[in-house]
Amino acid sequence: MTKKTAELIDNLVLELRRGTLVLSVLSQLEQPQYGYSLMECLAGKGLEIDQGTLYPLLRRLESQGLLDSQWSVAESRPRRYYVLNADGRSVLAVMAAEWQQLVQVMQRLLQEPSAAEDEKKGVVDDGTD
Amino acid sequence: MELIERYVHEVGRRLPKRQRADVEAELRSLLLDALEARAGATPAESAPSEADQIAVLVEFGPPAEVAARYAPQPRYVIGPRLFDTYCLVVGIVLGALALAMVVATVVGQLSAPDGEISLLAFFAQFILQYINAAAAGLGFTTLVFFILERTLPEEDLVSLTDREQWDPRTLPPLEDPNRIQPVELIVAICFILLALVLFNFFPGKIGLAYLQSGAGEATGWHVIPVFSEQALAAYLPLWNIIWVLTLALDLVLLRQGRWRLGTRLADLGIVLGSIYVLVRMITGPALFSAPSWWLDLMPDLKETLTFMPNLAELVRMALLVALAITIFDGGKKALALLRARG
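One line per chain: the protein sequences are S and G, in this order.
Number 27 in this note's numbering belongs to position 27 of the first sequence; there are no gaps in the numbering.
Position in the second sequence (from 1) plus 1000 gives the number in this note's numbering.
Keep in mind that the hints are not guaranteed to be accurate.
SDA-like, lysine to any residue: derived pairs with alpha carbons at most 25 Å apart [to be verified]:
hint	chain 1	residue 1	chain 2	residue 2
1	G	Lys1333	G	Val1271
2	S	Lys45	G	Ser1029
3	S	Lys45	G	Phe1199
4	G	Lys1017	S	Leu14
5	G	Lys1017	S	Tyr81
6	S	Lys45	G	Glu1036
7	S	Lys45	S	Leu14
8	S	Lys45	G	Gly1257
9	G	Lys1332	G	Ser1228
Partner residues aside, some chain G positions facing chain S, computed with beta carbon under 10 Å [to be verified]:
hint	residue
10	Glu1005
11	His1009
12	Asp1022
13	Val1023
14	Glu1026
15	Arg1028
16	Glu1036
17	Gly1040
18	Tyr1070
Pair ranges (Cβ atoms, derived) [what the hints assert, rightly or not]:
hint	chain 1	residue 1	chain 2	residue 2	range
19	S	Arg60	G	Thr1085	22 to 32 Å
20	S	Arg60	G	Ala1336	50 to 60 Å
21	S	Leu110	G	Ala1336	20 to 30 Å
Just so you know, the hints here were simulated from the structure itself, not pulled from any lab data.
Ideal Cβ positions, reconstructed from N, Cα and C, are used throughout, including at glycine.
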């Protein structure tokens, strides 16, 4: 694989993941979380996300009215906690349903070529018999 | 902790004032969380090492990048939503300016106080002024769109590209490359006939017209022939051949109604012939020679004709331009021929 192809793959993978970020973040905010804890939570479940991407995304989701946030001074240092609000919850439900559908479609699409090949083979075999 | 503070400040100063303090506080808290996690076993009271601070900051990324994520400003002058409209408006502005400038320059030249009309000065003035006006027009248009891009609400932009109003039936029909335009042909035939008659029967009438003022028999319009007899004798027969051939080709095209391989080849041959004659004219004897007897005959013309010595040079330039246009035209025709065959 050439360097150019490797770079292209990196970019495509990044693009693919970027589309799932909002859904991933929303899915983990039923309970209030602050930035760092959310990052660790996502990382613990296998989703590595850049801090420089995650924190601004939280603020954007808040300004879009999907999250509520609150400063908490109960701990060693003040932390800003984010949590889904009612709008965020309904958006999450729609997005999750959309995701399930997408997964099914993608599975069908990705399995299709081999299935088609098998079918073709069958036809050829029939011909030779 | 100095590095952390410097970093927070660098990010903060790039943000809009209203969100600066809040983002700074959050960023500081997040950086400390990351530092704490990195230090791990290190007791919380001890100050974090510089190496840890550097590692955490490198992970966060350069301040400009982080600030851009917090307060995304469009990093372009005109976005894709407005770009098509922008191109359309730029085209209209540049076209309208060109028209206005042509009118202004012609009027300016005609009303020049000394009554001199110099082609060279005309073109130079036009080009310089047009470059200035076009740059200003382009600048103002871009400025207006720059502001629109940043102030128009999202809903207004959507209506600019309303998909529901688009009707496929409004698509322009495909152009048939072989179809001829009868009007163009008829106009061309008229011009060729005019040139044939004018150059062959009235060569003396092609020239500079001037109005002789004052009393006496000489009062009224007079014409100074532009082309020398020598030039006419050398080039007119060649042009006559080309004009007659073009005339014949145009008549055939008008009859057939379409371009065919034969007519395309003939057309290309005529273009090559024109190129040959133009090259001969550029390298051969001068088209124009100002016989001194004119000026002796009409001494009051001397002042008006001060630009005469440049005329030969001007004619040569015009011929070069004509040659360039003809070669370009020939290239286009050759391409059309190849496409028609392929």
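Are any of the numbered hints broken by this structure? If so, which, sorted upward? 3, 4, 8, 9, 10, 11, 17, 21
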